[in-house]
Amino acid sequence: MAEPQPTADWEPKILAFLCNWCSYAGADLAGTSRLQYPPNVRVIRVPCSGRVNPIYIVEALRQGADGVLVSGCHPGDCHYLAGNYFARRRFAMLQRYLEYLGVEKGRVQFSWVSASEASRFAEVVTKVTEDVRQLGPNRRLRMATLEGLGDALAGPSAEAEE
Amino acid sequence: MSTLPVAVAEAIKGWLAAGEIEVFFGYTPGPTGLRATPTMARTPEEVDALIWDATCEANLAVYIPKHKGHKVGLMAKGCDARAIVGLIQEGQVARENLRIVGAACAGVIDPRRVASALGLYIEELEGARLDTDRLTIEGAEMPLSEAMVEQCGACTQHTPSLYDVLIGEPGGAPRAEPEGAADPYATVHAMEALSADERWARFTAEVPAATCAMPAGTPAPCATAPSALPTARRPSGPTPRSPRRTSSSSR
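Protein chains in written order, with numbering that gives the first Met the number 0: chain A, 0 to 161; chain B, 0 to 250.
The hints are simulated quantities; they were obtained by calculation from the structure and are not laboratory data.
Note that CB positions come from ideal geometry on N, CA and C, so glycine has one too.
A hint or two may mislead.
Derived DEER-like restraints, expressed as beta-carbon distance ranges [stated by the list, open to error]:
1. TYR99(A) x THR155(B): 41 to 47 Å
2. ALA116(B) x PRO38(A): 33 to 39 Å
3. GLN91(B) x LEU80(A): 27 to 33 Å
4. SER118(A) x GLU191(B): 49 to 55 Å
5. PRO46(A) x ALA185(B): 42 to 48 Å
6. LYS65(B) x SER118(A): 38 to 44 Å
7. ALA185(B) x TYR84(A): 33 to 39 Å
8. SER32(A) x THR155(B): 36 to 42 Å
Every beta carbon over 12 Å from chain A, so not counted as near; a handful from chain B, in silico [unchecked claim]:
9. LYS70
10. ALA103
11. ALA139
12. PRO142
13. VAL148
With these hints in hand, go ahead and build the complete structure from the sequences.
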């Protein structure tokens, strides 16, 4: 199957789950420091990276995100002591599973960013955006009905019901 | 089915008589003839009723922790011996409180595999007859290697690592084709060699079409032919599907 080619004006949509105590603060600092990073990320603030259920990530891809970034405190620095350890184990599992399914490597990424690492946050977002741009639009795990809800609701879903 | 060799049965009776063990866990013929039933033997008569053959699939090591503090004896295949070693390492049981009858095992029968090969339910299987390397059942005949638990084909430990008495030869040659499984992880390596596109094609070939529906105009991977890899068993016919959610409501 040929890789779907992105159109000229296509921009990746990336969903970022940021932990309230480290990565979100890091993003905040990046903003107040006037650091430039790609505007492709949509941030969701979560109490802890351990709060992110793997199903959220799959659902994000299903709902049309081209990439997902999950970022939390460095291991050992979790505000809730062990939340990011749980997250790390879950995501290790999820990544292998997505790899097994055939979701391209790099669509779902994880990183540790502390509250003081504004420049690192900018780097991470830049890297994720570039990776996803290389991969092109997310065509897998995507709910067909979301592509132009108005007229397509009848179209693709009727086909899908075949 | 075959009873235990006389020497082995005598050894078990000796342990019971001498009080070295209080009870012996073994197998008796199962109702379908394809899977032996675990049983407890306390008397010489009960020991005489014990069997050992390729239907002895159950792992009797599970009864050890349930009889903590008691001296017990049991039958163990190579794989069961690994479980016993695990229990000993975790301090669940002391080796001196165990009497183990090891069995050089060439693989055990998987009733599910037999049933699916014959297109029947497990409950419908009756009158199985076991020969040295063939299984006769329901008018069909199949080599034992095709009725075996698939993992047995990749077994590396046919002879138990610890035993007091052994049935069969130590390191005895296994009966069925494990040589064919030179690489026990062949399927894993085959999967690892696939590209993301090939994996996706394989995955979408196994799930209902709606799950992987594409926006109009894009090449649909669903239409791609499934790869040569073994695919998961799935009942034919329409697959029930959960109601579609059209709004963006979240779970």
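Evaluated hints:
1. TYR99(A) x THR155(B): 41 to 47 Å: The hint (41 to 47 Å, Cβ to Cβ) is violated, given that TYR99(A) and THR155(B) are roughly 25 Å apart.
2. ALA116(B) x PRO38(A): 33 to 39 Å: 58 Å, violated
3. GLN91(B) x LEU80(A): 27 to 33 Å: About 31 Å separates the Cβ atoms of GLN91(B) and LEU80(A), which means 27 to 33 Å holds.
4. SER118(A) x GLU191(B): 49 to 55 Å: 36 Å, violated
5. PRO46(A) x ALA185(B): 42 to 48 Å: Holds, at about 44 Å.
6. LYS65(B) x SER118(A): 38 to 44 Å: Violated, at about 59 Å.
7. ALA185(B) x TYR84(A): 33 to 39 Å: 34 Å, holds
8. SER32(A) x THR155(B): 36 to 42 Å: Given range 36 to 42 Å: violated, Cβ gap about 58 Å.
9. LYS70: 40 Å, holds
10. ALA103: Fine: 36 Å to the nearest Cβ keeps ALA103(B) off the interface.
11. ALA139: ALA139(B) is indeed farther than 12 Å from all Cβ atoms of chain A, at 35 Å.
12. PRO142: PRO142(B) clear of chain A: closest Cβ-Cβ about 32 Å, beyond 12 Å.
13. VAL148: 24 Å, holds
Checked against the numbered hints above, the structure breaks hints 1, 2, 4, 6, 8 and satisfies the rest.
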